[in-house]
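Asker: Below, each chain spelled out in residue letters.
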Amino acid sequence: MSEAMALNLLLFLPVLGGIVLLALPERRADLVRGLSMVVLSAQLLLAAWLYFQFEAGVPGLQFETRIPWIAAWGVHYHIGLDGLNLLLVLLSAFLGPLVVAGAFTSITKDVKLFHGMVLFLQFTMLGTFLAQDLFLFYLFWEAMLIPMFLIIGVWGGERRIYATLKFFLYTAFGSILMLAAVIYLAFTVLTQDGSPSFAFTDLYDLGFAVEVQLLLLAAFALSFAIKVPMVPLHTWLPDAHVEAPTAGSVILAGVLLKMGTYGFLKLGFPLFPDAAQIATPLIMTLAVVSIIYGAGLALVQDDIKKIIAYSSVSHLGYVMLGLVSYNLLGVQGAIIQMVSHGLVAGGLFLMVGMIYERCHSRDLAAYGGLAKLLPVYSVFFMILTLAAIGLPTTSGFTGEFLVLLGAFHAAWPQFEAGATYPLVLVSVAVLGIVLGALYMLRLARRLLFGEARAPEAEGGTLRDLGLREKAILAALVAAVFYIGLFPNDFLQKTEQAVIEYQERVWPARAGEGGQ
Amino acid sequence: MTPEGLFLAALPEHLLLLGILAILVTDLVSDRPRDPFLLSLVTVLAAMAAAIGLHTVGHVAAPFPGHFSVGPEAFAGKALLFGLSIPVLLLARSEHFDSRFAMLLLSSLYGAGLMLSADSLLMLFFGLEILSLPLYALVVLAYRRPESAEAALKYLVLGGVGTAVLLMGISLTLGATGGLGYEHFAAALAGGDMLSRGAVVLVVAAFMLKAAIVPFHAWAPDAYEGASVPATAFMATVVKGAVILALVRLFGDAGAGPELLAVLIALPLLSMVWGNLAAMRQQGFRRLIAYSSIAHAGYLFFALLGLPEARFEAVAFYVIVYGLTTTLALACLPAGEDWLRDRLDSLKGLYHRDPRSAILIAVAMLSLAGIPPFPGFVAKFLIFRTVMESGLVAVAVLGLVASYLGIYLYLRVIQYMFMSPSASHSRTLPAGPVATAAAVLSMAAVLLIGVFPGVVLGWL
Chain A
1 MSEAMALNLL LFLPVLGGIV LLALPERRAD LVRGLSMVVL SAQLLLAAWL
51 YFQFEAGVPG LQFETRIPWI AAWGVHYHIG LDGLNLLLVL LSAFLGPLVV
101 AGAFTSITKD VKLFHGMVLF LQFTMLGTFL AQDLFLFYLF WEAMLIPMFL
151 IIGVWGGERR IYATLKFFLY TAFGSILMLA AVIYLAFTVL TQDGSPSFAF
201 TDLYDLGFAV EVQLLLLAAF ALSFAIKVPM VPLHTWLPDA HVEAPTAGSV
251 ILAGVLLKMG TYGFLKLGFP LFPDAAQIAT PLIMTLAVVS IIYGAGLALV
301 QDDIKKIIAY SSVSHLGYVM LGLVSYNLLG VQGAIIQMVS HGLVAGGLFL
351 MVGMIYERCH SRDLAAYGGL AKLLPVYSVF FMILTLAAIG LPTTSGFTGE
401 FLVLLGAFHA AWPQFEAGAT YPLVLVSVAV LGIVLGALYM LRLARRLLFG
451 EARAPEAEGG TLRDLGLREK AILAALVAAV FYIGLFPNDF LQKTEQAVIE
501 YQERVWPARA GEGGQ
Chain B
1 MTPEGLFLAA LPEHLLLLGI LAILVTDLVS DRPRDPFLLS LVTVLAAMAA
51 AIGLHTVGHV AAPFPGHFSV GPEAFAGKAL LFGLSIPVLL LARSEHFDSR
101 FAMLLLSSLY GAGLMLSADS LLMLFFGLEI LSLPLYALVV LAYRRPESAE
151 AALKYLVLGG VGTAVLLMGI SLTLGATGGL GYEHFAAALA GGDMLSRGAV
201 VLVVAAFMLK AAIVPFHAWA PDAYEGASVP ATAFMATVVK GAVILALVRL
251 FGDAGAGPEL LAVLIALPLL SMVWGNLAAM RQQGFRRLIA YSSIAHAGYL
301 FFALLGLPEA RFEAVAFYVI VYGLTTTLAL ACLPAGEDWL RDRLDSLKGL
351 YHRDPRSAIL IAVAMLSLAG IPPFPGFVAK FLIFRTVMES GLVAVAVLGL
401 VASYLGIYLY LRVIQYMFMS PSASHSRTLP AGPVATAAAV LSMAAVLLIG
451 VFPGVVLGWL
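Taken in sequence, the protein lines are chains A and B. Position 416 of the first sequence, counted from 1, bears residue number 416 in our numbering, the numbering being contiguous throughout. Position 387 of the second sequence, counted from 1, bears residue number 387 in our numbering, the numbering being contiguous throughout.
Treat the hints as calculated values from the structure; they're not laboratory data. The C-beta atom is built at its ideal place from N, Cα and C for all residues, glycine as well. One thing to keep in mind: the hints can contain errors.
So the derived label-pair ranges between C-beta atoms look like this [stated by the list, open to error]:
no. : chain 1 : residue 1 : chain 2 : residue 2 : range
1   : B       : V42       : A       : W49       : 29 to 39 Å
2   : B       : G257      : A       : V428      : 35 to 45 Å
3   : A       : F12       : B       : P146      : 32 to 42 Å
4   : B       : F452      : A       : G157      : 33 to 43 Å
5   : B       : V201      : A       : A508      : 54 to 64 Å
6   : B       : L261      : A       : A209      : 18 to 28 Å
7   : A       : D489      : B       : G391      : 24 to 34 Å
8   : A       : F12       : B       : L260      : 11 to 21 Å
9   : B       : P258      : A       : I19       : 10 to 20 Å
10  : B       : A423      : A       : R468      : 45 to 55 Å
11  : A       : A209      : B       : G432      : 52 to 62 Å
12  : B       : L260      : A       : L22       : 48 to 58 Å
13  : A       : R66       : B       : A444      : 48 to 58 Å
14  : A       : V428      : B       : E309      : 55 to 65 Å
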């Protein structure tokens, strides 16, 4: 099998699985779960194989497929891997089976619909990452809302309807303005080149006036920033996370939020480089505000899910900070940070789900001393906590360290040239790490240590993690350490694409802060 | 013009007429009431096949020069309108079907055919009247509640006003330009004098009334609610499509002057906003569809802002998609007593009682909301691209934002079906087999268009 075919199979496996799923009887929940597990595991194997086949240092796309789809409009079914989406595809494929495995016991209602939606979601997420045609990208981007809408709305908590409508309407508002920009781009291509096209590579070459670029970037950025989410557009996130079932939270934090940052990386900044350069101080400011504000809010929450939700706002602030450093260190750090956050926040949400299944409470005040009650659980929780803080040897360290290093590299020459603002921002961002340690350790201390108590614990004992749960967490922790200890392979495979990104967006800065 | 030429050019219409006569005759000679379903289905299929065939061979003719001519666009428009009425017929079959319904529906289609071939305002007027008159009867035909009669009367009165306005506009066109041909209307469009402007405004207003554009929309919610489900489907899809396709033909290559442009921007925009906002508060499914159809009429009218060569494609594609999805939603409504099935909260918990219908309605709702991957998105994309291409970027953005307002109302239906417990009065009465056939037919078409929109676009 050629790699390109494998990539297509990777994308369409969930669809094939979904078609088989339709034929299964509703009451055979075991078959439904087994099928989803098999499909998503096969997808992970394919993704891993493709990852190893992917060659570092080769410019442009690899394993490309390009077939005309709507010929009259120049729309192509065009997918491919490059250094920007490679790791995110791997991350999505990695989280897929873990999400399904995590839902074995927690989802008992409408099992078939649930797994159908997970497969649908997986299809649209991978499609968004793999698409190399703006029309296709938008299609997947928007279609993603449908399964998430149902996942939160059907299997969520008490205020699920409010939360899921807020999620959908919030993100759809961003998308509608992006759609306006997409249509504008499409018709500009037609008038400039004489033939219609939606290919990213054709769109990169459109030379817009700066004023037009600013408007278009604003339209794209609104959509992406809502998804990231960047303060002040983050208010949908806590509601969605708190009300979503565990699987929903994991996918939301693990993959969906990266759509926003990936959007900036792949489309927003490269499509409108002049506007991106002008907007950089603003984006940096918002990124740092997100880091500090998210951390500050996480510090005062009593709902465990909310703490992790706000920590996501903070962690994705680092990603944005790395992206606008426009140097190799910062952007690569941002990519690693995306993956790391996907693993760590996904893992933490899974662990909250596990304790919720046992005790039916997410109130931090109700817990204490779980280290005595659930020793194995506590070990895993502590490892993920430390990874979230960014302890060296974990993935969180690699990501945040590279981001901050890159941001300093970008800010220092400006400081020498007399501009202190960027350096001040980066310094504040460093403070965010301290805040991160504060809120995560507060969570761990109150949850794991102190007087042993947990709601609904009969006779003071709780069932510790089962084999299934251990396996899920072990896989996550292994990945966290792998990235922390051996980031080199990841860095090599992303390098070429990041260099292309720099040269497209801000060539003058590309030389600075190399490795 | 030779007789053969006349025969061939108007073949779809002739077939419809033949069908009507055949139904009438069998009804008269037979002493038992006969089921005209098969006959009417065959008639519509034959008419559609004729239109497709003539479109494929690229038949162009003008049997009555200056009044009636056919070409690729006319045949494509007729084929899609006839095609859209097939699921409506199936839907009607599962509800209640008699020779009156069949004849009225076929007559209305005949009027639609005339409108799409008209070259003069006179012929257009004939077509519009032949389209409209059977509708007033269709609304009361299946009446199961007193409101139906009231709704039909309201529709009749307002429809009559529309007719009068159109006639007035036609007379003014005659006065201003000295003729009734479409070229005279184009001259009136281009003319700046008071008489020409008045003529154009009155003609456009009449079309807006027939298509239910705010502020001429008041009849639609009552008529849709009072009519039976298939009649609602017919009005919302085929009739609306015919009216707008005819308007596109009437405008031809002409653009709107600045004053008319303002009207053509403001009123459709108002329709989108008001239709979408008012639909949110509806408790009845057909009223919801009515307000949603007011908003969709706004999108359709937006296509007129586009460049002349792009309008037909945008409108035709939109009509196909919108018609199929609306029919799909109506065909999947659970069977039962009319007042009960029309209540929106009867849909609560539908997924648990009838998962297939719930999923199909959800697909229809998402498509109507313009959410990809469903074809409603491509249709919306095409409309707004058309608007943007003519340089009205800000208008297109406003329209997109107005369309955003509609998302909530469709999501609410999905929320009812999937996320709410069943209401106490809802019972498990799945839609009948023929209605299911209508749903499956629409769904298959929706899926095909969703996956291969290029094929349909290439054909138009």
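Asker: Check the structure against each numbered hint from earlier and tell me which ones fail, lowest number first.
Answerer: Violated hints: 1, 2, 3, 7, 8, 9, 10, 13; rest satisfied.
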